[in-house]
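Protein chains: 10
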Amino acid sequence: MKTVDIVESNRLKMRHGEHIILRLTYISRYNNDNLNGEVTRILEQAQQNNERNGITGALVFNHNYFLQSIEGARPVINGLVRKLVKDERHHSLQVIECREVEQRHWSKWSMKYLIPSEEKKGLALKFSTGSEFNPYLMSTNQITMLIDTLSEL
Amino acid sequence: MKTVDIVESNRLKMRHGEHIILRLTYISRYNNDNLNGEVTRILEQAQQNNERNGITGALVFNHNYFLQSIEGARPVINGLVRKLVKDERHHSLQVIECREVEQRHWSKWSMKYLIPSEEKKGLALKFSTGSEFNPYLMSTNQITMLIDTLSEL
Amino acid sequence: MKTVDIVESNRLKMRHGEHIILRLTYISRYNNDNLNGEVTRILEQAQQNNERNGITGALVFNHNYFLQSIEGARPVINGLVRKLVKDERHHSLQVIECREVEQRHWSKWSMKYLIPSEEKKGLALKFSTGSEFNPYLMSTNQITMLIDTLSEL
Amino acid sequence: MKTVDIVESNRLKMRHGEHIILRLTYISRYNNDNLNGEVTRILEQAQQNNERNGITGALVFNHNYFLQSIEGARPVINGLVRKLVKDERHHSLQVIECREVEQRHWSKWSMKYLIPSEEKKGLALKFSTGSEFNPYLMSTNQITMLIDTLSEL
Amino acid sequence: MKTVDIVESNRLKMRHGEHIILRLTYISRYNNDNLNGEVTRILEQAQQNNERNGITGALVFNHNYFLQSIEGARPVINGLVRKLVKDERHHSLQVIECREVEQRHWSKWSMKYLIPSEEKKGLALKFSTGSEFNPYLMSTNQITMLIDTLSEL
Amino acid sequence: MKTVDIVESNRLKMRHGEHIILRLTYISRYNNDNLNGEVTRILEQAQQNNERNGITGALVFNHNYFLQSIEGARPVINGLVRKLVKDERHHSLQVIECREVEQRHWSKWSMKYLIPSEEKKGLALKFSTGSEFNPYLMSTNQITMLIDTLSEL
Amino acid sequence: MKTVDIVESNRLKMRHGEHIILRLTYISRYNNDNLNGEVTRILEQAQQNNERNGITGALVFNHNYFLQSIEGARPVINGLVRKLVKDERHHSLQVIECREVEQRHWSKWSMKYLIPSEEKKGLALKFSTGSEFNPYLMSTNQITMLIDTLSEL
Amino acid sequence: MKTVDIVESNRLKMRHGEHIILRLTYISRYNNDNLNGEVTRILEQAQQNNERNGITGALVFNHNYFLQSIEGARPVINGLVRKLVKDERHHSLQVIECREVEQRHWSKWSMKYLIPSEEKKGLALKFSTGSEFNPYLMSTNQITMLIDTLSEL
Amino acid sequence: MKTVDIVESNRLKMRHGEHIILRLTYISRYNNDNLNGEVTRILEQAQQNNERNGITGALVFNHNYFLQSIEGARPVINGLVRKLVKDERHHSLQVIECREVEQRHWSKWSMKYLIPSEEKKGLALKFSTGSEFNPYLMSTNQITMLIDTLSEL
Amino acid sequence: MKTVDIVESNRLKMRHGEHIILRLTYISRYNNDNLNGEVTRILEQAQQNNERNGITGALVFNHNYFLQSIEGARPVINGLVRKLVKDERHHSLQVIECREVEQRHWSKWSMKYLIPSEEKKGLALKFSTGSEFNPYLMSTNQITMLIDTLSEL
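Protein chains in written order, with the working numbering: chain A, 1 to 153; chain B, 1001 to 1153; chain C, 2001 to 2153; chain D, 3001 to 3153; chain E, 4001 to 4153; chain F, 5001 to 5153; chain G, 6001 to 6153; chain H, 7001 to 7153; chain I, 8001 to 8153; chain J, 9001 to 9153.
You may find that some hints are simply not true.
Examples of chain G residues toward chain H, derived with CB under 10 Å [stated by the list, open to error]:
#1 HIS6016
#2 LEU6022
#3 GLU6088
#4 ARG6089
#5 SER6092
#6 GLN6094
#7 VAL6095
#8 ARG6099
#9 LEU6114
#10 PRO6135
#11 SER6139
Worth flagging that the hints you see were computed from the coordinates, not collected in a lab. For each residue, glycine too, the CB sits at the ideal point set by N, CA and C.
Pulled out of the complex, with its shape left as it was, chain A reads as follows (with noise of 0.2 Å):
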């Protein structure tokens, strides 16, 4: 088998799964020390090209963390994985949850953002020990309700 025909067939493995819809679930670090700035930057690339790839989903965050469930084909999902493994403008990454779906929780937005409040900050004692959010300390299960009280609001 020759170089050109093993990359086109890996580049059709990869493709492989892409009728799979999958939900990831992560959360991450960013320092206080980026300026709000960066991290809008950050977000609308995000958006656009959650658009092109046909990915959906939801975002948290506060001045610390991000939490993030975002739904896509198999495929498209693992790509976007690589890429949050490489990026340097947050840290901490912790994959949550990963599974398989058969229809989307966010289909209407390609990213929705959920940014508590004041008075929503009530929410974090909600479904976990500490009255400040910390969701490395949390489980699937009460990252998961969070998300979707957050988003109920």
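Here the structure of chain A is known, so what remains is to put chains B, C, D, E, F, G, H, I and J in place on it, guided by the hints.
Leaving out everything else, chains B, C, D, E, F, G, H, I and J in the frame of chain A:
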């Protein structure tokens, strides 16, 4: 906050979640050109690392694909994801599923090898449309049932 | 047994099962080259035949695909399958599901037309990995949920 | 778009859905006038085609009826439906059920022959009102239970 | 034992089971030649008998068929079966279902008349393969659902 | 419509529903004065008729009561009900239950005789308030459980 | 052990189980000859005793029967049973049900009177075979449903 | 209505409900002063009465308590309750549960004696807080489980 | 290992489990002699401590009993247990239930006061055998239902 | 009320709830410096107390931790909690779960010792993220499953 403190604080953050058992299933592909020796070397290293890190799991591989299910602390499994993404000895990595569990499935093995013999190959047909094993076309359920069936044989 | 008897006997056999309601879901494709007029003509004919034969159903179509769910007596639906297979005005026919039901879903319509408007197109994204509607990549459950959701809008 | 492209595009479309396992159950009838030799020839051809196409299944037949359950990729099973409809060596074809499954039931047989012996004939009575086997009068559930019971004997 | 005693003993036996509520559903057919007057007379008589015997029920009839669901003490309903079988004013009687219930469905009516108007006729199609109402081809579930739906309209 | 046509039409109507399996359970009583010979004769005749008509079933009888469960095509069972009602060799007939089933319970017997021996008589106590077997006082569930238990002994 | 001690010990024993709520349902009959005044007197006394003893409940009565559901501590309800058995102002007492519950049904009433008006009398028919209310022929479920339905009217 | 008629009518009323199986569980206490002979005499009489009245059951007793589960016709069990209440050979009677059942639990015994041996006494601890058997402190579930466990030993 | 290390290590151990939410329900008793002022002071202190420690909860109290449900991190709740045991201002402390939960019930209150008014006092009767509130006699379920019902009023 | 009365009344209050079985699971830690002799002495004393107080249970311990599940009357278990909190021979006590049960799990043992041998140590890995046994990091479910698994080995 001083840099050192941030580093320390991040290190602690990373350790957060260490009480949660995560099970990760992924598939990947390696080139036939690799000498068998190299695959053996990869696996030996992995097994040593696993024991050190409290990772347990099972590995299915034939002459083309890896199919692996690994369990461990959430931050440890995420550390492994980062290494898997960057490892150039295999490619076309696809995370299939990643979920929190209350108990390990493979607690007796730092890595259980499941190498389908000729007769077991018929199993590929049971859970997929093609007689040739191609995990990239299989759903999460089908991959999970395949591993479980192979493990019980 | 004489030929006439066999023919008669077969005719009776064919009528056997006429008490069973079968629901058939299929997808197919027609060329853009077809004038809209022809599609309209096809649909009008079909609707008249349906009423005569006790067939009810719903039809989703956009500028490329048909997606149809039809209900009727088991031998009648099978007669329709034979005609659909041989009809050259569409191609790439794929039967998605065919099952016995106790009550009809579309009993009020000899054919209910479900033509996604621009805004409804977002639905394709809810049940598939791509924003462009391609039923050939969707599972039975996803296709069924799509029809139901379109029908309720 | 050129004709060639359309053909190619259609060929690809047809291959879409090849990751989905479809199970089809149908009944048909053949004339007693057929020499047994011909039936044997039909079956041999079918079995060879099945192996090539990743089709598995079971076939019940007595001196009058075929009752067949086949599994394979969705487009492959649909290709078979087209051939069955046009095959003049049997008639009165009735599709009984067609549904997506996660795992094959007959993965060990490209075609398992279930020929009721004299004593097994009593089974017809278990799932129908008449002691003579006539699948055209049976419901989907009854046909499925009959095949399963014959297979376990 | 003397004849009188036997008669008395039998009479008592017949009263046994009088604490059990039985619901009977049957269909029958009457000739169009019957003057409407006669049908009316039949129904009036029936209603008077019902009230005397603690029978409640519902009756669906169009210009060809009776479809009736009646409830009462087990020996009373059985007495009615004997009379129905011998009544020559209708024919083709078919008992559809007969079962013990804890509470009556029609306790408010000694007989509730459910006469499908033109628009309600569409209901026949919902629970059967033909647009013309023919209860002889319908299953127990379909007949029960039809009565319930007519009753709620 | 001519008389002949009506007769023919009715005959067809009567055959409608012949695809549905009905199970009927009834109890009746015969006089001790009957010579055993007569009972034997009744049963022999019944068994022959059953085989001809595709009827299967079980019969419990002691020196006073019949308790019978029979299965067959809906019109056939209804034909039998008509004959049972008019048969003067037993009396106090009570239909206990009559329901549609997907598979027969007694498919291996045109009639299975269940004659409680002395020791089995204790069963009467298990499902009723009196030690003497009197099915007229028992509920549908109790009668069904009694037959099943006797059949398994 | 001295007599006094035994008495005391028994008194304590009797109080054992006082933490368990028991619900008792019974029916009884009183003679029409009793002046209504006497019934009223009985009920007034009962209500005063109930309040003192922590008993709550509901009472259905028409001109012939009492039907009562009472709740209280296990030893208290048993004390009441002893008194009911010996009370000569009613007769034919039948305990219908007696069971432990976690919460009271009638906590708001020391005794709720449920006296069926003329129109409510139809309820008797809903849960029994006769239009005349005779609780002696009804099952536990039917009696319970009757009380609940009367209470909700 | 004459007195005789009332008496007769009441006698009939009392017999109503005789088709319903009631299971009664109660506990009581007898004085150690009683000679064992008397207990034996009580039990022998009870057993003879039980057989005559169609009562079955089980009796647990140690040197202080009776714990009995009896089954029979509703009016018969109620007759027994009246006698138990007035019987001065035991005291502190507490009805624990009384409920309608479809089949007897103890149909093979007019009375099954369950006398805990020394080693079985540990069972008391399994279902209560004290090592000394005191049924007055146990819940209905605990008493039922204790009887069942003793019976299976 | 040096003492300091052990202390430090223990301090860390104690913090282990801080990601788990524990809900503790207990009852206790305080003397009427206490001036109300003291109770108020206790509660104020408790509330301040709760906010600092991420504890949420509800408190029911009448003039004799405390009944409290508190939620927080497992080590924090255990620290509270230690303090409660040693606190001499109340006595007869009984832990009723203590279990891990995924989300808090009282997340909006550092302490919600539930003081039964006169009319609400009837609730005590709903979940216990006595009209006077005595939680020491109630089961876990009854206490939980009481708190929930009071909270919803 | 006199002081003596209050004391007596409180003593009685404390005994209230003595009919409820409570199961308590806790973990604690003891210093390696303790001579094994002392641990043995602790356990012997405990076992004697348990037998006297109707306490049953199981104890897992390795060279660092206690993990204990004990069952008994609610006030008795609470008395034990008070002693455990004040006992200085162990520290870092954490109550894991405390709940009402209908039957004991350990009724055959006043204390069952579960001392993991070398090979059983692998169990720690099955229910936690680390190969070293640290119950402080485990959830209630994981601790319960670990005890059950150890007990069944």
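Which hint numbers doesn't this structure obey?
Failing hints, ascending: 3, 4 and 9.
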